[in-house]
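Colleague: Here the sequence shown is numbered in my numbering, starting from 100 and rising by one per residue.
Keep in mind the hints are simulated off the structure, nothing from the lab. Since this is a predicted model, take the numbers as computed values, not measurements. Take these hints with a grain of salt, some might be off.
Listed next, the in silico DMTMM-like pairs over lysine to aspartate or glutamate satisfying Cα-Cα at most 25 Å (straight line) [to be verified]: (1) K283 x E424; (2) K434 x E417; (3) K283 x E296; (4) K225 x D310; (5) K435 x E477; (6) K283 x D384; (7) K434 x E458; (8) K533 x E493; (9) K487 x D310; (10) K182 x D141.
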Amino acid sequence: MGLTKGTFFAQNIIRHEASLRSQRMESMRMHSENKSFRLSCDGSTATITLLSANHWGRAWLTDLQNLIHFLAQQPQLEALIFKGTSGVWNPEYPLHETLEFSHESEALAYASFGQQVLQTLNNLTKQIPVIAAVEGPCSLAGLELAMACSHRVMVASPQSGVAGLDRASGIVPAWGLISRVARKLSRRNWEIWSTAETILPREALRLGLLDRVCASGRLEIEVRSFCDELISQRKRPTEEGRSPFWSDWFGRLVHWEGSHRTIEREASIPRIEEFQHIYLLAQRDLRLALVREKQLFAQQAPTSEYRNALRIQHQQREIPRVYPEPMNPLPPIPKKMGIVGGGEIGSSLALHWAERGCEVIIHEATPSTAENAQRRLEKGIQNRIAQKRCTPLEGERIRKKLTVTSQWTGFENVDFAVESAEEDVGVKKNLLAKLESLLRPRVLIATTSTHVLIESLQNEMNRPSRFAGFHLIAPQSALVELVRGSQTDSGTIAALAWWGHHWGFQVAQVGDRVGRLAWRVRMAYLSEGVHLVAEGLDPAAVDQQARRFGFRRGPLEWCDELGFDRLALQAEQFQLASGDYSFARNLLFERFLPFGFLGKQNGEGFYRYRGDRKRYNEIARMLAWNDLDEGCKPCYIHRVDQSNAEGFQRLLLRVINEAASGLSEEPEASPLTIDAVLVKSLGFPSAQGGPLRFADDLGILGIVDRLASYAERYGSRLSPCDELLRRAEASEGFYAPISSSQEILKRSQAA
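Can you build the whole structure from these sequences, using the hints too?
Modeller: Below is the structure:
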């Protein structure tokens, strides 16, 4: 039976469409086979799963560009979703590419290519909604990609957060992040983002960086629902014939004539003003803002400050390598924790783990101290709710994960135990013996002690190889010092390093000495600042010079924030543990505490606090006058400006001296590790690369000569340490050998 003409044409059309579908499927299969991405399609919605979680460089950008061009040619596509597992949105700019820039033109080409690729993605958002489904931290290149999308949805988990610009870090984004954020935020919200390190998801939603926030486990559902809403909105044309979303975007895109001349005229303005200038340009014309941002990156990338900041940031993300490497596989991440001691550090760790779904048992010696620990935990939960780090419902879930008791019930089932009792060797030894009798043989034990040596605690333990130090620098800090004793097994250190990284801490392995590394250098920094006030200098001038150099806090305002009573206790514990009664003796605050001076907590310190106002406190300066450590020599101020400048030099050189002394006692640490720890804990400017790299820039011989001169005039605390003397004699820097001609040049520059 013959076919009619209509049936014949219908069959041809069906065959042609089937052939096109087959070609599209084959093309889709070819594009889905990629080391960086995995492409999948569900109806008219495409999903790109990000696979590489470490470095996004030129190869990654090329793969992304090819994939976007392919998707832009698919007429049936109605939405695009970027997603990835937790941590994949937190990649780095590749060091092997960004550290090789020797000229501005190379950096300019790198930034131009990145901007071109992300602008291609941004152009795709004019055709279809592009959603970034973010889980975990979002920073650096990951935030660049997320802001190039049209919408962003993030999981409100403890691990999640949007990175701020953090102008003090010295790192300038490469692919147009500043301009795209500036287009979305008001001036006030822009200031918050540009000065912050990390912004929590709900705060980022309030600022306008995110479009939606969802609970853990609901990201897939929330993104699909949001995607359907956006598709339906685009199918309903507005009066101008555009979708509601894009009408707002086109309404804000206003060209500004004469901008190129303005950019050239203001090319030499300071960098903070440059950021403000890019913000203003972005409000007028996004293209001009991208051009200026590209030029700014090209100016900064070849500089040593930018490279130093990148190295520090890379080191802070690294998991410490353990030597010798462990033979056995690492144990799984613990789910049930036991903490002995619910003090400030113990409670902070308990809340940190409970937020991440772990069950935590806290043991206290008596029912009364258990009640105090319970109140401390409840206050921490209420603070998290007030700061919008969690909802009241999530706060209730955290409460259910926490158990405070004066009994030892439940410790036989924990996967990891932490001792966080008072700084007393006898008390700690008794508690560790009790823990060993209760815990399973393979359970690791750690201590948060700052001043008690790990080796002294291991001597009376039955299983010393499974014991180490896990020192949280401060309750709100994300830095943990990992301390290895003489009998600690490599597998124990490797497991604690991996666990700490998984829990969101920056982990650094340091030596087993009193004060560890961070607190010892911090006490030297604070103590020298108090010395300068005791000699008659103005506290405000000392703090101002420290902040001008790049420190996040001046030493005296930091004393106020920490509290004089807490610092006095830390100094006393350090003296008892080390036997050195001259190191930071002035931090005992013997003249301040009897008068009720406690710092910021009661409004009386080196500054007087009344609400949000902070004023200079003349009484504190009078109390500190000539309250010097033993062996210190008072000085006489003849010229205030000269004394202020010399005082800050002493402050800076004492920090360098103590950091170098710490390196000689850290057998498994590198100078970069020391610098990364002190940038995080001390607030040393990352653009300078840390105290040890800055010492290389100044010149080791010049530092030794200057310290020796200061030691004769102001006391033995400023005597150069053995590590500095050894490197000066060998003409050796901390990072590379230094020739004599280079040393002479640096000495002359330092002078």
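Colleague: Run every hint past the structure and note whether it holds.
Modeller: Going through the hints against the structure:
1. With a C-alpha separation of about 48 Å, the suggested pairing of K283 with E424 is violated against the 25 Å cut-off.
2. A hinted pair counts as satisfied when its Cα atoms are at most 25 Å apart, and K434 with E417 qualifies at roughly 23 Å.
3. With a C-alpha separation of about 19 Å, the suggested pair K283 and E296 falls inside the 25 Å cut-off, and the hint holds.
4. Note on K225 and D310: the hinted pairing holds, with a Cα-Cα distance of about 17 Å set against a maximum of 25 Å.
5. Proximity of K435 to E477 is assessed by CA-CA distance (about 20 Å); at most 25 Å being required, the pair is judged to hold.
6. Of the pairs offered as hints, the one joining K283 and D384 holds, with about 13 Å between alpha carbons and a cut-off of 25 Å not exceeded.
7. At roughly 6 Å between alpha-carbon atoms, K434 and E458 fall within 25 Å of each other, so this suggested pair holds.
8. Distance check on the hinted pair: K533 and E493 sit about 34 Å apart at the alpha-carbon level, beyond 25 Å; violated.
9. For the hint pairing K487 with D310, the CA-to-CA distance comes to about 16 Å; that is within 25 Å, so the pair holds.
10. This hinted pair checks out: K182 and D141 have alpha carbons roughly 14 Å apart, not beyond 25 Å.
The structure shown violates the earlier hints numbered 1 and 8.
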